[in-house]
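Engineer: Read top to bottom, the protein sequences are chains A and B. For the first sequence, this note's numbering assigns the number 238 to the initial residue and increments by one for each residue that follows. For the second sequence, this note's numbering assigns the number 4 to the initial residue and increments by one for each residue that follows.
Be careful, since some hints might not be right.
The calculated EDC-like cross-link candidates involving lysine to aspartate or glutamate, where the alpha carbons are at most 20 angstroms apart (straight line), are [as the list claims (entries may be wrong)]:
hint: 1; chain 1: A; residue 1: LYS383; chain 2: B; residue 2: GLU58
hint: 2; chain 1: B; residue 1: LYS217; chain 2: A; residue 2: ASP288
hint: 3; chain 1: A; residue 1: LYS309; chain 2: B; residue 2: GLU218
hint: 4; chain 1: A; residue 1: LYS322; chain 2: B; residue 2: GLU218
hint: 5; chain 1: B; residue 1: LYS45; chain 2: A; residue 2: ASP288
hint: 6; chain 1: A; residue 1: LYS378; chain 2: B; residue 2: GLU218
hint: 7; chain 1: A; residue 1: LYS280; chain 2: B; residue 2: GLU58
Simulated from the structure, these hints should not be mistaken for lab results. All values reported here derive from a predicted model rather than from experimental measurement.
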Amino acid sequence: MNNEALKEFILQRVPEAEISQGAQFLQAVVLSEKAHSLLSELKSNPQTSFDYLFCLTGVDWPQHMEVIYHLKSTTHNHMVVIKSKINTREYPQTDTVSDIWRTAEFHEREVFDLYGIVFKNHPDLRRLLLTDDWVGYPMRKDYVDKVNMIEY
Amino acid sequence: MEETITTALESQEYFINMGPQHPSTHGVLRLVLSLDGEIIRKVEPHIGYIHRSIEKMCEHDSYQQIVHLTDRMDYLSCHINNEAVCLAVEMGLQVEIPERVKVIRTIIGELTRLSSHQLWWGVMGMDLGAITTFLYGFRDRELITDIFEETCGARLTMNYNVPGGLMFDIHPNFQKRTKDFVTYFKKKLPEYDDLLSNNVIFRERTIGIGKLSKEDAISFGVTGPTGRASGFSCDVRKHYPYSAYDRVQFKEILRTEGDCFARYQCRIAEMWESLSIIEQLIDNIPEGPFKAPTKAVIKLPKGEWYQKVETARGEFGVYIISEGQKSPYRLKFRSPGFSNLSALDHMARGCKIADLVAIMSTIDLVIPDIDR
Numbered sequence: 238m239n240n241e242a243l244k245e246f247i248l249q250r251v252p253e254a255e256i257s258q259g260a261q262f263l264q265a266v267v268l269s270e271k272a273h274s275l276l277s278e279l280k281s282n283p284q285t286s287f288d289y290l291f292c293l294t295g296v297d298w299p300q301h302m303e304v305i306y307h308l309k310s311t312t313h314n315h316m317v318v319i320k321s322k323i324n325t326r327e328y329p330q331t332d333t334v335s336d337i338w339r340t341a342e343f344h345e346r347e348v349f350d351l352y353g354i355v356f357k358n359h360p361d362l363r364r365l366l367l368t369d370d371w372v373g374y375p376m377r378k379d380y381v382d383k384v385n386m387i388e389y
Numbered sequence: 004m005e006e007t008i009t010t011a012l013e014s015q016e017y018f019i020n021m022g023p024q025h026p027s028t029h030g031v032l033r034l035v036l037s038l039d040g041e042i043i044r045k046v047e048p049h050i051g052y053i054h055r056s057i058e059k060m061c062e063h064d065s066y067q068q069i070v071h072l073t074d075r076m077d078y079l080s081c082h083i084n085n086e087a088v089c090l091a092v093e094m095g096l097q098v099e100i101p102e103r104v105k106v107i108r109t110i111i112g113e114l115t116r117l118s119s120h121q122l123w124w125g126v127m128g129m130d131l132g133a134i135t136t137f138l139y140g141f142r143d144r145e146l147i148t149d150i151f152e153e154t155c156g157a158r159l160t161m162n163y164n165v166p167g168g169l170m171f172d173i174h175p176n177f178q179k180r181t182k183d184f185v186t187y188f189k190k191k192l193p194e195y196d197d198l199l200s201n202n203v204i205f206r207e208r209t210i211g212i213g214k215l216s217k218e219d220a221i222s223f224g225v226t227g228p229t230g231r232a233s234g235f236s237c238d239v240r241k242h243y244p245y246s247a248y249d250r251v252q253f254k255e256i257l258r259t260e261g262d263c264f265a266r267y268q269c270r271i272a273e274m275w276e277s278l279s280i281i282e283q284l285i286d287n288i289p290e291g292p293f294k295a296p297t298k299a300v301i302k303l304p305k306g307e308w309y310q311k312v313e314t315a316r317g318e319f320g321v322y323i324i325s326e327g328q329k330s331p332y333r334l335k336f337r338s339p340g341f342s343n344l345s346a347l348d349h350m351a352r353g354c355k356i357a358d359l360v361a362i363m364s365t366i367d368l369v370i371p372d373i374d375r
């Protein structure tokens, strides 16, 4: 599928998605409520069959949180980037995709650990890199650690 | 009476800690094994013992500084990690890199891969009880380390790539020493086969152990030789050629068995391919500058770039989100070891503890790469 067809495909499922052509990949920004059904469809539909999630990133923006999924299909060799937008920084929640791609289990635990994004229905959502009693989410932009961080 | 005996003999699941200080985990990795007798029911990796928060540090560093953090992650593929950041920054800046740089980067990258595989081979033998391989592996790796030392001054955390090109030109001896090494190692590599590949004990302990199917490999995002041993065609050098990989002939090694022995054979075959790539390029290094002119303070425009490269362990990705400042807004490292480790539980279920050691050896984990 080329980028035009992919764009059509996503817009049919989520009409309000903001689609742009980035420097390398086609990008689609969707609300977090719609993300799981779209991603699930992208994986299971034989036309797209995005079976390889090669990167899962959390980003902390001033007003919202974002989870970015880099997807590739090993059969069709096309790629797409889906950005799931969570409209709050207070108690961000989104659905897990670990039921679609097993690799997400670890990646989502890392994002939860460092950003505090809660992935609903995740089988084992605990801190991964930091100790269990750690307070706060260090990758957030407003995280303060007076001892270990230098003010710029 | 009978009832009491059955209760007494009933097997009970119990837990043991493997690590964080364990010789076969190659670093500070703790595995909580849940066991039924000697059979593994579940493996739960606990990571983060050497988490240094490199991604957070990157958000305050300039792009030239970030390069120096990446070789502290996967210290066995340091040149390739550095190259990944450089390529991502160059893509953002849209600078054209001199041909000489591309070829040198490719040669250095393949030497790095060779040295990493040599160390893996030595350590893998030692994990399974053969001390000789460790000495042989290190003996041959030493020659590559010497070449690196002459080129950039360091033996472990080497920094040679900078955004825009190389830190300095190659040493006058570089070509000769590399050619000498290739001639030498071509004679030594068959010895590796004699020592381990055809060893009965070794084969017994690896064939059919720790199987991973192709579908699972893709679902878990297992890449590199580990993924290719399961038949997942994921060689970034072939699919998305960077540097000078588009002008060299080499095969992507694929196997279908997906067990420990297939992963072992994959890496051995990759060493032959790396030697062949170096041979094709070493006499054809084009003349020219070793660095494209770049500004002292690099500011990437607003946007985002994803660059992937093939390290010795698999697909390493650098994802830069820039807001136009001198440091990135967000920088994510997709490290191959992290995803490969996530499949460990799946591979090890039903195996014995001794098999787990073999499985971990063939995944070739480097802990700083996982913890970042």
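Engineer: Each hint: holds or not?
Structural biologist: How the hints compare with the structure:
{"no.": "1", "hint": "A:LYS383 with B:GLU58", "result": "holds, 18 angstroms"}
{"no.": "2", "hint": "B:LYS217 with A:ASP288", "result": "holds, 11 angstroms"}
{"no.": "3", "hint": "A:LYS309 with B:GLU218", "result": "holds, 14 angstroms"}
{"no.": "4", "hint": "A:LYS322 with B:GLU218", "result": "violated, 29 angstroms"}
{"no.": "5", "hint": "B:LYS45 with A:ASP288", "result": "violated, 25 angstroms"}
{"no.": "6", "hint": "A:LYS378 with B:GLU218", "result": "violated, 38 angstroms"}
{"no.": "7", "hint": "A:LYS280 with B:GLU58", "result": "violated, 29 angstroms"}
Of the hints listed earlier, those the structure fails to meet are numbers 4, 5, 6 and 7, in rising order.
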